[in-house]
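With the sequences and hints as input, model every part of the structure.
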Amino acid sequence: MKKLFGVTLGILTAMGGFVDIGDIVANSLTGARFGMSLAWAVVLGVVGIVLFAEMAGRVATLSTRGVFDLVRERLGARVALLNLGASFFITFLTLIAELGGVALALQLLSDVNYVLWIPLVAFLAWLVIWHVRFEPMETVFGLLGLVLLVMAVALWKLSPDWSGLWHQASQPAVTSGEGHPTYFYYAIALFGAAMTPYEVFFFSSGAVEEKWTKSDLVLNKANVYIGFPLGGLLSLMLMALATIVLLPRSIGVDHLSQVALPTTMALGKVGLAAMIIGFFATTFGAALETALSCGYTVSQYFGWQWGKMVRPREAARFHLVVLCSIIVAVLVGVTGIDPIKVTEYSIVLSAAALPLTYFPILVVANDREYMGDKVNGWLANLLGSVFLVLLVVVALATIPLMIVTRAGS
Amino acid sequence: MRLSEILGKDVVTTDGRSLGQVHDVRLVQDGPVLPDWGAAFRVHELAVGRSSFGTRLGYGRGDVKGPWLLERLLARRPPRLIPWSAIQDLDAERIVVELP
Amino acid sequence: MSVDVGRTVWAGLHLMDRQIVDCDGFLAGKVDDLELEVPDGHDALPVVVAILSGPGALAGQIGGRLGRFIASVQQRLHPESDPGPATIPFGVVKRVEEHVEVSVPRHALQSNRAEEWARDVVIDKIPGAGHAPE
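Protein chains in written order, with this note's numbering: chain X, 1 to 409; chain P, 1 to 100; chain V, 1 to 134.
Hint data in this document are derived by calculation from the structure and do not stem from the laboratory.
Incorrect hints may have been included.
[To be verified] Pairs of lysine-lysine residues, derived as DSBU-like cross-links and limited to a Cα-Cα distance of at most 35 Å, are as follows:
#1 65(P) with 374(X)
#2 2(X) with 214(X)
#3 341(X) with 3(X)
#4 94(V) with 65(P)
Structure below.
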């Protein structure tokens with residue numbers, strides 16, 4: 001019974017924790033411009049993150065080592081340092097985006113400009129990281145993020161043409177007035193939003209923080225196989241709502257208010273309130289995850305003590321990196337840089353950097369020294385290989401597409 | 001001397017033929033006794049070959065097997081083992097070895 | 001103490017870049033390089049005498065401009081004028097497996113100095129640094 005409760009809790013947490021500012025922006029924005037015709041990119045991204053997060057969780061559980069520790073061991077100090085540079089930069093960019101996202105949610109609530117909220121939000125995030133244990137921290141914000149399920153009610157209330165939506169999603173075609181490069185640029189954005197590297201850094205380090213053992217591998221599978229796809233469903237709801245309400249009215253997405261608009265139309269003030277709470281919980285949770293991931297990646301590369309399972313003073317350099325990352329993110333954030341734009345760049349650049357994270361995981365998941373009999377089976381290896389090819393193609397296509405489409409404009 | 005001064009270095013034969021780079025170094029624990037540890041590791045052989053990336057990842061020597069795609073791309077011919085005693089010269093640029 | 005004399009390991013695969021763990025289970029840096037000593041005598045094989053850990057050793061492995069940059073930063077920040085990389089003699093190494101286990105607490109290692117600096121100068125000044133997360 002207790003086990004079942006733990007598994008359910010894990011699934012729900014993974015579901016709520018799946019969504020972050022990247023998913024919110026990418027799904028609404030593409031729904032408003034392309035309808036459901038890019039839903040396949042979300043599905044593909046979810047399959048990818050499920051596949052590799054399961055491997056990363058399994059690797060971390062059996063080796064009790066964080067991903068970047070193993071990246072260094074496999075790629076050598078030099079190549080791994082370049083990898084660290086790119087991965088850290090993207091995670092840091094995502095941290096700025098998440099902090100901005102929380103601030104935008106608070107602006108919706110208070111009419112106080114988001115720039116003023118950023119330092120306060122950042123301080124709160126640091127305080128939580130400093131004081132709260134890993135498990136409650138992850139659970140509270142994951143569960144609170146489930147408030148976004150209000151979107152399901154909103155969808156039902158708006159009684160859309162379901163078969164039309166399904167038709168758009170199942171027989172995708174480029175919307176008239178949009179070019180193929182732009183279409184694929186946004187496909188990459190959705191893909192990157194679903195597979196953002198920090199999710200793997202955080203998820204695998206979390207397995208070590210929570211001292212998972214072989215018997216927790218069931219939990220790993222449940223979280224990933226059930227929780228992440230349900231989280232992906234939340235993403236698709238955002239896209240569907242934007243398709244129904246924003247697309248016909250030619251409303252673009254450059255603020256969270258447009259993201260919340262369909263739900264507000266359907267359910268009034270209650271809908272808006274729920275959406276704001278959902279935005280806050282998911283982006284704040286993700287701000288914690290990205291800030292921690294900044295510390296995880298650097299510390300694991302250099303072999304420093306990391307994690308919240310020890311006292312802060314026992315992981316001094318780890319906490320110093322987290323603290324500095326948050327401070328610099330605030331300094332960038334308060335320049336008035338547009339959080340939505342930062343989000344777009346962070347997810348597209350994430351897509352370009354995906355092979356850096358996922359390639360070493362696939363290799364170590366086949367290493368018997370660490371994995372014993374829990375190495376990848378043939379199916380995981382087949383799908384993993386197919387995805388690795390896909391990730392390389394995406395990575396190579398991203399920057400040219402970014403230039404050709406002038407970042408999707 | 002440091003290990004990093006050997007790893008990755010170009011290896012040529014005395015008659016000028018290039019053999020690739022040092023992929024790895026095989027250590028055997030049969031050296032003089034170090035206090036509180038026991039027999040020291042000694043360098044016995046250099047693993048030399050071309051394209052060291054796959055070797056570094058563990059393909060061909062360690063416990064890494066699969067997936068098929070990566071094995072095909074990365075698992076090259078196993079590196080050639082050259083005994084330390086074959087080294088004629090070791091400078092900042094390269095290692096010169098004499099093959100029997 | 002090691003019992004399996006005659007054991008073979010690959011220095012790059014099994015030692016370089018591996019995690020160092022201290023006697024209390026704390027992570028204590030990476031194996032950034034190995035110190036070799038070539039004894040006199042014609043057919044003498046080089047002996048691995050110590051593990052090198054920390055930025056001074058890492059710089060050598062990185063090499064190139066970036067390596068020189070890391071080395072210069074380390075030298076500037078270090079109290080001694082020509083510090084050289086921190087060494088971990090094999091006398092304190094307990095086991096070489098998936099990670100390298102040492103038989104002393106990490107503060108006994110030279111390579112831990114930067115961690116202590118971060119703790120004493122920054123982290124300990126913040127209230128709550130010594131509390132286990134609640």
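Can you list which hints this structure breaks, lowest number first? Going through the list in order, the structure violates hint 3 alone and respects the others.
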